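Below, each chain spelled out in residue letters.
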Amino acid sequence: MMKQLIFTFTILLTLGAFTFTISRLIRFFRFTKANFPIRNFRKRIIITLEVAIGQTKIFRRPVIGFFHAIVFWGFCVITFGSLEMVIDGLSGNEKSFSSLGWIHSLIMASGDIFALLVTVSIVIFIVRRVFLHISRFEGIEMKKKSHQDANIALSMILMLMLSLIGMNTSYVQLQMVSGEPIHGVFPVAEFLRPVLSGLSMNSLHIVYEFNWWAHILLIFIFANILPYSKHFHVFLSVPNTFLTRLEPLGKLTNMDDITREVKLMLDPGSSFETPATDSPISRFGVKDVEDVSWKNYFDSLSCTECGRCTSVCPANTTGKMLSPRKIFMDLRARMKEKGPGLVKIGKEFSDNKSLLRDYISVEELWACTTCNACAQECPVNINHPTLIVDMRRYLVMEESSAPGGLKTMFSNIENNGAPWQYSAEDRLLWTENLELKIS
Amino acid sequence: METKKIEVPVMADLFARGEKPEYLFWVGCAGAFDERYKKVTRAFAKILTHLNISFAVLGKEESCTGDPARRAGNEMLYQMQALQNIAVLDAYEVKKIITICPHCFNTLKNEYPDLGGNYEVINYIQFLDKYIENGSLKLDAEMLGNARITYHDPCYLGRGNDVYAEPRSILKKLTTDFVELERNKSFSFCCGAGGAQMFKEAEPGKKEVFIERTEEVLRSDAKILATACPFCMTMLTDGLKYKNRDEVKNYDIAELIVQVLDL
Chain A
1 MMKQLIFTFT
11 ILLTLGAFTF
21 TISRLIRFFR
31 FTKANFPIRN
41 FRKRIIITLE
51 VAIGQTKIFR
61 RPVIGFFHAI
71 VFWGFCVITF
81 GSLEMVIDGL
91 SGNEKSFSSL
101 GWIHSLIMAS
111 GDIFALLVTV
121 SIVIFIVRRV
131 FLHISRFEGI
141 EMKKKSHQDA
151 NIALSMILML
161 MLSLIGMNTS
171 YVQLQMVSGE
181 PIHGVFPVAE
191 FLRPVLSGLS
201 MNSLHIVYEF
211 NWWAHILLIF
221 IFANILPYSK
231 HFHVFLSVPN
241 TFLTRLEPLG
251 KLTNMDDITR
261 EVKLMLDPGS
271 SFETPATDSP
281 ISRFGVKDVE
291 DVSWKNYFDS
301 LSCTECGRCT
311 SVCPANTTGK
321 MLSPRKIFMD
331 LRARMKEKGP
341 GLVKIGKEFS
351 DNKSLLRDYI
361 SVEELWACTT
371 CNACAQECPV
381 NINHPTLIVD
391 MRRYLVMEES
401 SAPGGLKTMF
411 SNIENNGAPW
421 QYSAEDRLLW
431 TENLELKIS
Chain B
1001 METKKIEVPV
1011 MADLFARGEK
1021 PEYLFWVGCA
1031 GAFDERYKKV
1041 TRAFAKILTH
1051 LNISFAVLGK
1061 EESCTGDPAR
1071 RAGNEMLYQM
1081 QALQNIAVLD
1091 AYEVKKIITI
1101 CPHCFNTLKN
1111 EYPDLGGNYE
1121 VINYIQFLDK
1131 YIENGSLKLD
1141 AEMLGNARIT
1151 YHDPCYLGRG
1161 NDVYAEPRSI
1171 LKKLTTDFVE
1181 LERNKSFSFC
1191 CGAGGAQMFK
1201 EAEPGKKEVF
1211 IERTEEVLRS
1221 DAKILATACP
1231 FCMTMLTDGL
1241 KYKNRDEVKN
1251 YDIAELIVQV
1261 LDL
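Chains as they are written, first to last, in the working numbering: chain A, 1 to 439; chain B, 1001 to 1263.
Don't take every hint at face value.
[As the list claims (entries may be wrong)] Short derived list, chain A residues pointing at chain B, Cβ under 7 Å:
1. Cys368
2. Thr431
3. Leu434
Since the hints were derived computationally from the structure, they do not count as laboratory data. Note that the structure is predicted; figures quoted are calculated from it, not measured. Note that CB positions come from ideal geometry on N, CA and C, so glycine has one too.
Construct all of the structure, not just a fragment, from the sequences and the given hints.
Shown next, in the form of structure tokens:
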């Protein structure tokens, strides 16, 4: 009974803290733009099954991707066991799901095996991070906190797995010694059981309870640390994949307010067809966090800083300042800085800073070739080039600022309909003296 | 050997005669003005004529799709161009468009529908592959002496629009020694010209993007670098010159087909 009370109190505390964190983040979304409609659920479900569940993007780097897939699939299976632990904790029962019969046995066995596989994978990740130099884990945007976050998360997952193995092993041994039936199948625990063979029933009970509490408390702590670290992706990667931008990578999003203006310019008579909107004309492009779409912000929260985007970026790999990863880390950091002010004062709040220039320099933005290698690579389908172009849109249309070559290109298109200074009259010169051999 | 003069049909002339071609051949600015790339336009026009395809070009009425302006952030200019082009295309009741430039292809295919321009847009590589597959264009790998050929994926054909199989299928019929670059298909590495980079100086860095890619091309030991985009061609031809490796030839896939068919 005492255990139930303590457990109930702990879980309420966990849920309370978690709700507080999430509600704070949700308030920030109010200040983003709604221009990202969600349609085509069928296609979204397929993408989620492929990219999130099937880990297809992760497997683009097959070796390390394999170990990530192990951790992900293990996480999915083990979560079921964790849910059972929560029910057990609240009800005071043991192995509450055992009435499911062979399904329960299958899940327990999978969880038991995955606990070991995940442990091995995590050890590989830690060794790789600490002893090997992985260039995509470096870069100007990778501050000390990023590395600390990673090490904390890996250590916690390792402890989670070790406590799970400890719990399963002591459970199996305890049931054996006390002659009670074992609910579920635990191949790894059966193998490790001899390690605990010298312990009395009482000691075994303590070992079991210790691991049980350690495991469940680690889950609770981990869940509450995640939203404050880059490992928030544990929660957001699957939803973010579901919310993938479905257009071909080559396609940019149309700016409908520009369309209205351009149609008016080309055909002034059409002004009567479009009803005047009362809302003030919003800023063109993206200058600060309130100009981004809610999806851009969701992307930034889902980013794990794995750096696959940056490692394939032609600008970054040839030494330019642009790093696609940094763009989204900056967006997240800027919202963290400005969001509370926006919540408190409202959307007129200003701290005389902006995402553009104070975080992301124009030099970074102009280095992008929109080749989409970053978006192609992102394991959670973040789309970087659309945000980069949105920031260029602000620069060009609100500030009339662009590198000289681009301004020349603009005026060439305006004056003679081609990016170079050639007359439309010369468009057929290529057809002169064109002959076909006939045999 | 006899030759026949090709009169490239112009839309306005056909329309005046009450004729409507099946395809509009969208030449693009590079296709019309770039000295090197004009040869690619000519090659493709030869193939169209050889196949007796009913087509026409807009000629003086063609204007930039607006792609470089759009990617450089000038949405206003892009939409001006797009809406005017759509007006011209609709006036000629255009239904099918063939493009050579992947940037024009992407814009016409994916972006014009948002502004009311709905056409069936086909890239010339897909078009050529179709006519090779149905036997209308018979390729003989011996004609190029089975030279080692490699292929650089243009971003807006590959990642942008998932066209990976067709260029490879064609090239494997042009040689038995086709080799992939280290980074290929969806892993392909940009030439450095996309996103309007073609028209500006590169930002400071430790290397030019096109040099990085050229070095990869040279590592493949290919005799011929096949490309399918005017900007990729400019960048990589420059790269080969810069590296003093002019013996490695950069041809467009359409040019290779014309060589093999001796058109």
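Open item on the list: Hints numbered earlier in the text: which of these fail when held up against the supplied structure?
Closed with: Per hint list: zero violations.
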